[in-house]
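There are 2 protein chains.
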Amino acid sequence: MSLLVVGTVAFDAIETPFQKTEKIIGGSGTYIGLSASFFVKPIQLVSIVGSDFPQETLKYFNRKGIKTEGVEVKKGKKSFFWSGKYHMDMNSRDTLITDLNVLAEFDPVLPQSYQSPDYVMLGNIDPNLQIKVIEQLRNRPKLIAMDTMNFWMNTTPNELAKALKLTDVLIINDEEARQLSGEYALAKAAKVIMKKGPRILVIKKGEHGALLFQGDEVFFAPALPLEEVFDPTGAGDVFAGGFMGYLSSSNNRSFTNMKRAVVYGSAMASFCVEKFGPQRLTEIRKDHIQKRVGQFVDLAKFRI
Amino acid sequence: MSLLVVGTVAFDAIETPFQKTEKIIGGSGTYIGLSASFFVKPIQLVSIVGSDFPQETLKYFNRKGIKTEGVEVKKGKKSFFWSGKYHMDMNSRDTLITDLNVLAEFDPVLPQSYQSPDYVMLGNIDPNLQIKVIEQLRNRPKLIAMDTMNFWMNTTPNELAKALKLTDVLIINDEEARQLSGEYALAKAAKVIMKKGPRILVIKKGEHGALLFQGDEVFFAPALPLEEVFDPTGAGDVFAGGFMGYLSSSNNRSFTNMKRAVVYGSAMASFCVEKFGPQRLTEIRKDHIQKRVGQFVDLAKFRI
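Sequence lines, in order, name chains W and A.
Per the numbering used here, the first sequence starts with residue 1, numbered consecutively.
Per the numbering used here, the second sequence starts with residue 1, numbered consecutively.
So here's chain W without its partners, still in its complex pose:
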């Protein structure tokens, strides 16, 4: 199975109540791709970087089975840069700097080798670009998933509505679900959102777990109660990468299997927050993931 991933490949500088980083590798495409790479190959990454982006990182992606033909390198330009500072609760954060740089020119063109992916994960970018990617696909993929955020709901609602109509799975957080639906109760929000296009909805609730909705079915996956959250950056993208990576590797779109995919996504996110940036994803192995998934099984298991 092949998984097309569209998202940013960028630099981040992160500050938490405990520590701060210089510029490190970040971006939704990076997090989604690395997370999915534990499950499926090839991953076809679409993104844009400046000439300041390290070649060795792209080579590392390739060694992980992430193809980078679709990562445009803009000569003499700088990569997208985001800097943010987390509050004490490690949930809320302030953006300190957003330098769009090459991202302002992002106009994704799929290389020919990318035009028939089995699965598609569209990271949180301008819905116009999400639509553009979908329109370049030669065949309808087995499943198209997308992420979005409040910014696009406010600035490009019509384009977002169109993107949603083209999508099978929407993966957003609870605050975004509330804004998109205008409903506070997530069970109600889910019904409203599933009328907008996606027949499957994942609502990420951070430390409170994740909800999966399809038709009248609902599944709740817990989050692991962690003693330390070092850096939540990228956890949502890593969830999406694990979810779509697992789904595409198993090539089974039943609700039963989607529940498993939510658990794998949650397990991947639980690793991500253990170190700054994507560091932890470069250290873990498949057996770590299996062991972590076992902890989720123990955490949620009961018999009446």
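Derived by calculation from the structure, the hints in this document are not laboratory data.
None of the values given here were measured: they were computed from a predicted structure.
The reader is advised that the hints may include incorrect statements.
Remember, identical chains collapse to one label, so a pair may be satisfied in a single copy or spanning two.
Computed list of lysine-lysine pairs in DSS-like fashion (alpha-carbon distance at most 30 Å, straight line) [as the list claims (entries may be wrong)]:
| id | residue 1 | residue 2 |
| --- | --- | --- |
| 1 | K286 | K188 |
| 2 | K20 | K195 |
| 3 | K195 | K301 |
| 4 | K205 | K191 |
| 5 | K64 | K196 |
| 6 | K188 | K301 |
| 7 | K195 | K59 |
| 8 | K205 | K85 |
| 9 | K195 | K23 |
| 10 | K286 | K301 |
| 11 | K188 | K205 |
| 12 | K275 | K205 |
| 13 | K301 | K205 |
| 14 | K85 | K165 |
| 15 | K205 | K64 |
| 16 | K132 | K195 |
| 17 | K77 | K64 |
| 18 | K286 | K41 |
Chain W is fixed; fit chain A onto it per the hints.
What follows is chain A alone, placed relative to chain W:
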């Protein structure tokens, strides 16, 4: 099995963004007792009311298997009265009125018939009174559980520390767990709290479910994603009543059975919020509870 319940029996006036009530029946003893009455008999209720409290409510309690010999009626005095207003999120609330009335004189004396309960649930009252109740027990019960709140952590920390040492199970919410432990991460908070006395800890997270800790074991029970939360008043007490009611009726204190008890507590709480005050608890039957518990099974079930 017998379950001793200590808590307030009182009047509440509740305002939500959607509706408001006049004085209705409330109090932790009411909610715990009614919830537990679906599982176990006899329930031995200890509380205090004024002569304004309706006799027919006490008779209703009796018909539900809740003994009221331990409910002192103060002639010519008024019952405890609390009035509060919920915010839009239905989680946070402002207290508008707290008229202690008879509660200021509450000095629980256990009738002789109450002095050897199998299980004990101490609702959220002054830890001095919680200790006083425990000291009147002639035999060590199979399990003593207690609730508490930020107010007692601030005003009577030494007495609270003593009460915790006498207790097997502490049932509190996430905010209270954070304050009691001084730790933000609940996994860390649990470790700190379990060193203070209780070997079992339940952390209620409202719409985000509940965590159960014992030693190195942890269990997460989801909350049902509800389309409407009508009134959250009493939901935490109803959880505790369902938890202790189920535990005492099954008389099995294994971790496996305690997980079931958390699910039954969560199911009871999910009913409570569907109408104002304890109304919903007067309508449901055992088969409603079994059906609701089935929804929790479906919600959390997955196989890797």
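Item to complete: Tell me, please, which holds for K64 and K196 at an alpha-carbon limit of 30 Å: within, between, both or neither?
Response: neither (36 Å within a copy, 48 Å between copies)
Discussion item. Checking an output row: K286 and K41, CA cutoff 30 Å. Within, between, both or neither?
Written reply: within (14 Å within a copy, 51 Å between copies)
Discussion item. At most 30 Å between CA atoms: does that hold for K77 and K64 within a copy, between copies, both, or neither?
Written reply: So K77 and K64 pass the 30 Å test inside one copy only (26 Å; across, 75 Å).
Practice prompt. First find the shortest C-alpha distance between K195 and K301 inside one copy, then the shortest across copies, and answer within, between, both or neither for a cut-off of 30 Å.
Written response: between (32 Å within a copy, 26 Å between copies)
Worksheet item: Is the C-alpha distance from K301 to K205 at most 30 Å within one copy, between copies, in both cases, or in neither?
Response: both (20 Å within a copy, 18 Å between copies)
Worksheet entry | K286 and K301: within-copy, between-copy, both or neither at 30 Å Cα | Both: 23 Å inside a copy, 24 Å across copies.
Fill in: Alpha-carbon proximity context of K286 and K188, limit 30 Å
between (37 Å within a copy, 27 Å between copies)
Worksheet item: Is the C-alpha distance from K205 to K85 at most 30 Å within one copy, between copies, in both cases, or in neither?
Response: both (20 Å within a copy, 26 Å between copies)
Worksheet item: With identical chains treated as interchangeable, where does the CA-CA distance between K205 and K191 reach 30 Å or less: within a copy, between copies, both, or neither?
Response: So K205 and K191 pass the 30 Å test inside a copy (17 Å) and across (24 Å) alike.
Worksheet item: Which holds for K132 with K195 at a C-alpha limit of 30 Å: within a copy, between copies, both or neither?
Response: within (22 Å within a copy, 57 Å between copies)
Discussion item. With identical chains, the pair K85 and K165 could be close in the same copy or across copies; at 30 Å between alpha carbons, which is it: within, between, both, or neither?
Written reply: neither (34 Å within a copy, 40 Å between copies)
Discussion item. For K188 and K301, with the copy left unspecified, which applies at a CA distance of at most 30 Å: within, between, both, or neither?
Written reply: both (27 Å within a copy, 22 Å between copies)
Hint check: violations occur at hints 2, 5, 7, 9 and 14; the rest are consistent with the structure.
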